[in-house]
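Colleague: In order, the protein sequence lines correspond to chains A and B. Under the numbering used here, think of the first position of the first sequence as 1, with each following residue one higher. Under the numbering used here, think of the first position of the second sequence as 1, with each following residue one higher.
The hints are simulated quantities; they were obtained by calculation from the structure and are not laboratory data. This structure is a prediction, so every number in the text was calculated from the model and none was measured. Any given hint could be a false lead.
Said to hold, decoys possible - A few chain B residues that face chain A, going by a derived Cβ cut-off under 8 Å, partial list only:
id	residue
1	S42
2	R135
3	L137
4	S140
5	L141
6	M144
7	V147
8	F148
9	V159
Unchecked claim - Below, a list of computed lysine to any residue pairs in the SDA-like style, where the Cα atoms sit at most 25 Å apart:
id	chain 1	residue 1	chain 2	residue 2
10	A	K69	B	L228
11	A	K69	B	K181
12	A	K69	B	D142
13	A	K69	B	T155
14	A	K102	B	M150
15	A	K102	B	T146
16	A	K69	B	A40
17	A	K69	B	T146
18	B	K25	B	D142
19	A	K69	B	L188
20	A	K102	B	H158
21	A	K69	B	F156
22	A	K102	B	A149
23	A	K69	B	A149
24	A	K69	B	L141
25	A	K69	B	L176
26	A	K69	B	R152
27	B	K181	B	A40
28	A	K27	A	E164
29	A	K102	B	S151
30	A	K102	B	A40
31	A	K69	B	S151
Glycine included, each C-beta is placed from N, C-alpha and C at the ideal position.
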Amino acid sequence: MQLDVDITGKTFQNAAGERHEVLTGLKFSLQSGQVAVFFGPSGCGKSTMLRILLGLDHDFQGHVTRPAKARAGMVFQEPRLLPWRSVEENVRLAAPDIDETKLSALFKLLELDAHRSHYPGELSLGLARRVALARAFAVEPDILVLDEPLASLDDALANRLREEIAMLVSSRTMITLLVTHNLDDAVRLADRVFLLSARPARILADLPVRTPRHARGDAEIAAIKASILRRASIAVADRSVS
Amino acid sequence: MLRLLSFVSFLAIWWVAAAYADGTKLPSPPAVLDVLLAEARSGELFLHLGATLARVALAFALAMTLGGAIGYLMGRVRLANRLGDPWLILLLNLPALVVIVLAYIWAGLTEVAAIAAIAINKLPTAVVTLREGTRALDRSLDEMATVFAMSRWRTFRHVILPQLAPYVAAAARSGLSLVWKIVLVAELLGRPNGVGFEIGVAFQLFDTPLLLAYSLTFAAVVLIIETLLVQPFEARASRWRPRAA
Numbered sequence: 001m002q003l004d005v006d007i008t009g010k011t012f013q014n015a016a017g018e019r020h021e022v023l024t025g026l027k028f029s030l031q032s033g034q035v036a037v038f039f040g041p042s043g044c045g046k047s048t049m050l051r052i053l054l055g056l057d058h059d060f061q062g063h064v065t066r067p068a069k070a071r072a073g074m075v076f077q078e079p080r081l082l083p084w085r086s087v088e089e090n091v092r093l094a095a096p097d098i099d100e101t102k103l104s105a106l107f108k109l110l111e112l113d114a115h116r117s118h119y120p121g122e123l124s125l126g127l128a129r130r131v132a133l134a135r136a137f138a139v140e141p142d143i144l145v146l147d148e149p150l151a152s153l154d155d156a157l158a159n160r161l162r163e164e165i166a167m168l169v170s171s172r173t174m175i176t177l178l179v180t181h182n183l184d185d186a187v188r189l190a191d192r193v194f195l196l197s198a199r200p201a202r203i204l205a206d207l208p209v210r211t212p213r214h215a216r217g218d219a220e221i222a223a224i225k226a227s228i229l230r231r232a233s234i235a236v237a238d239r240s241v242s
Numbered sequence: 001m002l003r004l005l006s007f008v009s010f011l012a013i014w015w016v017a018a019a020y021a022d023g024t025k026l027p028s029p030p031a032v033l034d035v036l037l038a039e040a041r042s043g044e045l046f047l048h049l050g051a052t053l054a055r056v057a058l059a060f061a062l063a064m065t066l067g068g069a070i071g072y073l074m075g076r077v078r079l080a081n082r083l084g085d086p087w088l089i090l091l092l093n094l095p096a097l098v099v100i101v102l103a104y105i106w107a108g109l110t111e112v113a114a115i116a117a118i119a120i121n122k123l124p125t126a127v128v129t130l131r132e133g134t135r136a137l138d139r140s141l142d143e144m145a146t147v148f149a150m151s152r153w154r155t156f157r158h159v160i161l162p163q164l165a166p167y168v169a170a171a172a173r174s175g176l177s178l179v180w181k182i183v184l185v186a187e188l189l190g191r192p193n194g195v196g197f198e199i200g201v202a203f204q205l206f207d208t209p210l211l212l213a214y215s216l217t218f219a220a221v222v223l224i225i226e227t228l229l230v231q232p233f234e235a236r237a238s239r240w241r242p243r244a245a
């Protein structure tokens, strides 16, 4: 399974009628089993890119070729749960075919056992994010999209959830796209890191991370981080020269 | 307790006023009660009340279903809104009496004409309320349903409908009060039974006790339906919401 993306342009019109370019050059292909992390400054157009990839926005220049019948799972930046349905119902509505064993395993891994019958309004942001994760994994996706899944969580919680995501991502062969402005997410989870420029977004560099996810200790992570930062500063410098 | 006190004071004022007023203009509570019991014993009361309630139920169901569907369409599809809006404004401002009289002229003094006329009077308020509700739908949840490839019916049942429920409750409540008022006029003008017809008879005979007996029974029925049906439905539709102040 392969995802081919070639977005050459996307503009928005604001209320005053001015046109703003959000995306300029985004061209890449991803295969099943790859985890691509898109790393760029806040507000650079990452969420817009995801909306286009998922077919929620058709108003852009370029092509996106998604495999036919690919099942998508997504964790939105804000959890987007149905407030009038319980945690379990929220997951089951997205994944009607899931069996009880799989669901229990998922809830156990994400520590949601005790919250099955709670309503989303009763959950903290961290828990609501976990429900959103459970929902995205419950559909057994071919394409998994994570839009800043760890934003606005405190460090300890973000670290724990990052490890859980790493475990879930490794448990299934799929195309994973994760968008973040946090370097830690990128180095811990990625097979490939795409560096994005500030708005309008384009790809500055495509950096493979060769150390397997499970073999990344503190030393490796520090090394990967340093190399990404080095490349990022070169890319930004190149851009300001050109 | 307070409710009871307020009701008792109403009775007391009525009684005192009746004692001073002319008996034919304002009969005392026991006199009205006598008439009411006599009507109940003969079965007349239940016959007329039943006819009125059946009309209310039919016209209300018709207007809610049709109005809800049109309102949803107008909230979702811009073209439908632009086509429907002038009609909506016309219907909203058309006096109930005009609709009723025209319905009787065009469709004859029939049951269909009466129910249609009542439904048409209620329809536009249901449309307006449901259109507002549809406009207020959360787009981000629509996107979520699209990404997870939820079927149309599933999306409607679990994503759309719960968001519309408070608007349906509001439309039902305001619509019901409107229907209660209009049904009597429709009966007065062109039906051989129902509370409205009886009130018409009482008016022609200047029979105040009969008039009051029917009016008060009718008011009591409305009150019971409000507290036993409408209010519990409203509470149920918003049970997942955090308690409002």
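Colleague: Indicate, hint by hint, whether the structure satisfies it.
Modeller: Now for the hints, and whether the structure bears them out:
For S42 of chain B, the suggested interface contact is broken, since its CB lies about 50 Å from the closest CB of chain A, more than 8 Å. With 8 Å as the threshold, the beta carbon of R135 of chain B stays out of range of chain A, its nearest partner Cβ sitting at about 18 Å, so the hint is violated. Because the closest C-beta pair between L137 of chain B and chain A is about 13 Å apart, greater than 8 Å, the hint is violated. Given the 8 Å rule on beta carbons, the hint for S140 of chain B holds: about 6 Å separates it from the nearest Cβ of chain A.
For L141 of chain B, the suggested interface contact is upheld, since its CB lies about 6 Å from the closest CB of chain A, less than 8 Å. Annotation: interface hint on M144 of chain B holds; nearest CB of chain A at approximately 5 Å, less than 8 Å. With a least beta-carbon distance of about 5 Å to chain A, the hint placing V147 of chain B at the interface is held under the 8 Å criterion. Below 8 Å, beta-carbon pairs count as interface contacts, and F148 of chain B has one with chain A at about 4 Å; its hint therefore holds.
For the restraint placing V159 of chain B at the interface with chain A, the shortest Cβ-Cβ distance is roughly 6 Å, inside the 8 Å limit, so the hint holds. A hinted pair counts as satisfied when its Cα atoms are at most 25 Å apart, and K69 of chain A with L228 of chain B does not qualify at roughly 49 Å. A threshold of 25 Å between alpha carbons decides the hint, and for K69 of chain A with K181 of chain B the separation of about 55 Å lies outside it, so the pair is violated. A threshold of 25 Å between alpha carbons decides the hint, and for K69 of chain A with D142 of chain B the separation of about 20 Å falls inside it, so the pair holds.
Proximity of K69 of chain A to T155 of chain B is assessed by CA-CA distance (about 19 Å); at most 25 Å being required, the pair is judged to hold. As the CA atoms of K102 of chain A and M150 of chain B are separated by approximately 20 Å, the hinted pair is consistent with the 25 Å bound. Distance hint between K102 of chain A and T146 of chain B is fulfilled; the C-alpha atoms sit about 23 Å from each other, no more than 25 Å. Under the criterion of a C-alpha separation no larger than 25 Å, the hint pairing K69 of chain A with A40 of chain B is inconsistent with the structure, at around 68 Å.
Distance restraint check for K69 of chain A and T146 of chain B: the Cα-Cα separation of roughly 14 Å lies within the 25 Å cut-off, and the hinted pair is therefore satisfied. As the CA atoms of K25 of chain B and D142 of chain B are separated by approximately 61 Å, the hinted pair breaks the 25 Å bound. Taken as a hint, the K69 of chain A and L188 of chain B pair is broken in the structure, with Cα atoms around 63 Å apart against an allowance of 25 Å. Proximity of K102 of chain A to H158 of chain B is assessed by CA-CA distance (about 23 Å); at most 25 Å being required, the pair is judged to hold.
Straight-line distance between C-alpha atoms of K69 of chain A and F156 of chain B comes to about 22 Å, which keeps the hinted pair within the 25 Å bound. Of the pairs offered as hints, the one joining K102 of chain A and A149 of chain B holds, with about 20 Å between alpha carbons and a cut-off of 25 Å not exceeded. Between K69 of chain A and A149 of chain B, the direct Cα distance comes to roughly 10 Å. Compliance with the 25 Å bound is thereby established for this hinted pair. For a cut-off of 25 Å, the pair hint linking K69 of chain A to L141 of chain B stands: about 22 Å separates their Cα positions.
Proposed proximity of K69 of chain A and L176 of chain B is contradicted: the alpha carbons are some 48 Å apart, above 25 Å. Restraint check for K69 of chain A and R152 of chain B: satisfied, since their Cα atoms lie roughly 17 Å apart, inside the 25 Å limit. About 23 Å separates the Cα atoms of K181 of chain B and A40 of chain B, which keeps this hinted pair within 25 Å; it holds. For the proposed pair K27 of chain A and E164 of chain A, the alpha carbon gap of about 30 Å is over 25 Å, so the pair is violated.
For the suggested pair K102 of chain A and S151 of chain B, the alpha carbons sit about 22 Å apart, so the restraint of at most 25 Å is met. A hinted pair counts as satisfied when its Cα atoms are at most 25 Å apart, and K102 of chain A with A40 of chain B does not qualify at roughly 64 Å. The straight-line distance between the Cα atoms of K69 of chain A and S151 of chain B is roughly 14 Å, inside the 25 Å bound, and the hint therefore holds.
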